[in-house]
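Q: One line per chain: the protein sequences are A and B, in this order. Take 1 as the starting number for the first sequence in our numbering and just add one per residue. Take 1 as the starting number for the second sequence in our numbering and just add one per residue.
These are computed hints drawn from the structure, not numbers from a lab. Be careful, since some hints might not be right.
Computed far set for chain A versus chain B, every beta-carbon distance over 12 Å [as the list claims (entries may be wrong)]: (1) P47; (2) R120; (3) F168; (4) W242; (5) P306.
Simulated restraints, written as ranges between beta carbons of each label pair [said to hold, decoys possible]: (6) B/I271 - A/E56: 52 to 58 Å; (7) B/Q234 - A/N159: 45 to 51 Å; (8) B/I25 - A/R81: 50 to 56 Å.
In this text, a Cβ means the ideal position worked out from N, Cα and C, and glycines have one as well.
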Amino acid sequence: MASKLTLSNRTGWTFALPGFALIFTFIVLPFFFAIGLSLTNQRLLSPNPTQFVGLENYRQLLDFAVVTLEPERNEAGEVVRDEAGEIQYPRLRAITRSDDHPQYRGMREWFRWQSGENVRVVIANDVVFMKALVNTFLFVLVVAPVQGGLALMLALLINQKLRGISVFRTIYFMPVVVSIVVVSLLWRFIYDGQNGLLNSILQGLSFGLFQPVDWLGEPSTALPAIMAMSIWQAVGFHMVIWLAGLQTISPTLYEAAAIEGASKWQTFRYVTWPGLRNTAVLVLVVITIQGFALFAQIDVMTNGGPRDSTQTLVFQAVERGYGKQDISGGSTISVILFAIVLAISLIQRWLTRER
Amino acid sequence: MAFDPDNYGLRLFVRYLVLCLIALIFIFPLVFMINSSFKPDNQLLADTSSLRAFVPVGDISLNNYFGAFRRAPVGLFVLNSVLVTGATVLLSLLICSLAAFSFAFLRWKGRDVVFSIVIATLIIPFETIAIPLLLLVSKLPWIGLEGLQWGWLNTYRVQIIPWIADGLTIFLFVQYFKGLPGELIEAGRVEGASWWQVYYRIVMPLSGPVLATAAILKFLVMYNQYLWPLIVVQQETYRPVMVGLGYFFQLNVAWGEVMAYLTLITVPVLIFYLFLQRAFIASIASTGVKG
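Using the sequences and the hints given, assemble the complete structure.
A: Shown next, in the form of structure tokens:
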């Protein structure tokens, strides 16, 4: 009887088709396009026919090597030093432009470190991409725990029974509804090196001892500054998700803890936290995925600079795919990005699996 | 001892103090934005070195607002955003709820496979498909008043159609529909209502909360669009508000006008949020239940 009521192939398909067709065309298809395009040399507009290039795009992006520079020696075999006593090394070009090492041709220095008398240099085919990859991971590794933790603290604060508490909840959530583009522009004033609000506040608090910093102009502070702003903007979002998690914990558990005479910390450790396990994984995964998509802040605030210290994967994908019309290059970065996100989602599945 | 840790009044005072200080951190850039929008450029920049940045003092006027309208087609940008956002939200509510109705109440061949594909798209961030999607929409056909055309760049449709259906909206509807009493739907069928009638006479009138949630989430995404219109709309005729901002950074930047423009595009959303804050917060909370 029930099956007669519900088995309805034609209506079923008719109702679902518009939505499914749109999702298929604008999400599923481009996704497979990205994989296909990353194996070609497709450009947005090009007079030449598109060719299949295999994994060449991936090699171009990911290829790197470690080479060793040995000190220069004079005829007697002694290490050459300059007046300051610094050991002299041959230039990197001697390796990357030499015919002896065709595999290193065109590679450039990424970073180097001293190892005994020798210097080890990591050279990469695409140093900007490598920096974007590292910056993106750095961003996620800092923002995910800090933002998740602060959001939980705010949620616990807001979960108190106090008169007027919903006013504070409304205010803490407010930056979430403001566009990240608007937020980024406003924070350019806060981070300004001349008379930015942050420098003014720090100088006021230190009675003028603090030396002004050009927060977005220094390679060492630009990425941390963007991290701080991103946390400020989105922390309210995750506060609300934590709150929803907190409200699923049964009040009888708290009553039991109170009867047992548990301290505040014990109540949190043994009642609240175990009840939030799945929420914790969700919050971390959502922040991580949002973090890997970092783009607007960079585009509005730094354009990847100074000295590539704020390059990110999505910024590079857009700069190549759109700016330079190099669709295949942009798609390759997109596929690498997706592979990372997929890996994280699978880890989430594994962490929240039924036991 | 003068200090009594159990003093209820004192503890309450400290709690509110902490809450207020945190509130200041979240609100000060917005206060700065609104106040600055009334100040001339030289005063605006000078004020950032003191607390005057947060109060409307000095030479206060609406000149920046007039200046912003003279400098850029502000009305057009706002109209574009309202049009694109409104159309996408309405179409999304209709198409996603229909699809979800089918997944939740109907049994048909291929349903489970199709639903799994829809759910699988939840883990594809838009940023990873933006570039191939750009290539795709640059080649799509369209039949309009002028006949067959190729390419969707520089149109309203390129900003609307790809955003109508998404896995999260469909998922939220399915979850909600599954919580509705099944007897209601069966009763409707027994009385001879068609599935379409069950959808709009029985299910939709009961779906207020999920419609609000889906509309608010879509609204936030659409009104704040940046990356997508940035790469698919070069002509100012179709630019939305966030991309229109670029207009103020050509040649000499007038910061007062920038602040006026930011205030104009942000404050209506904030007012909207303050009126509907319960619904806004509930809609974000409901995305967390999917874990």
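Q: Go through the numbered hints given earlier and state which of them the structure violates, listing their numbers in rising order.
A: 3 and 4
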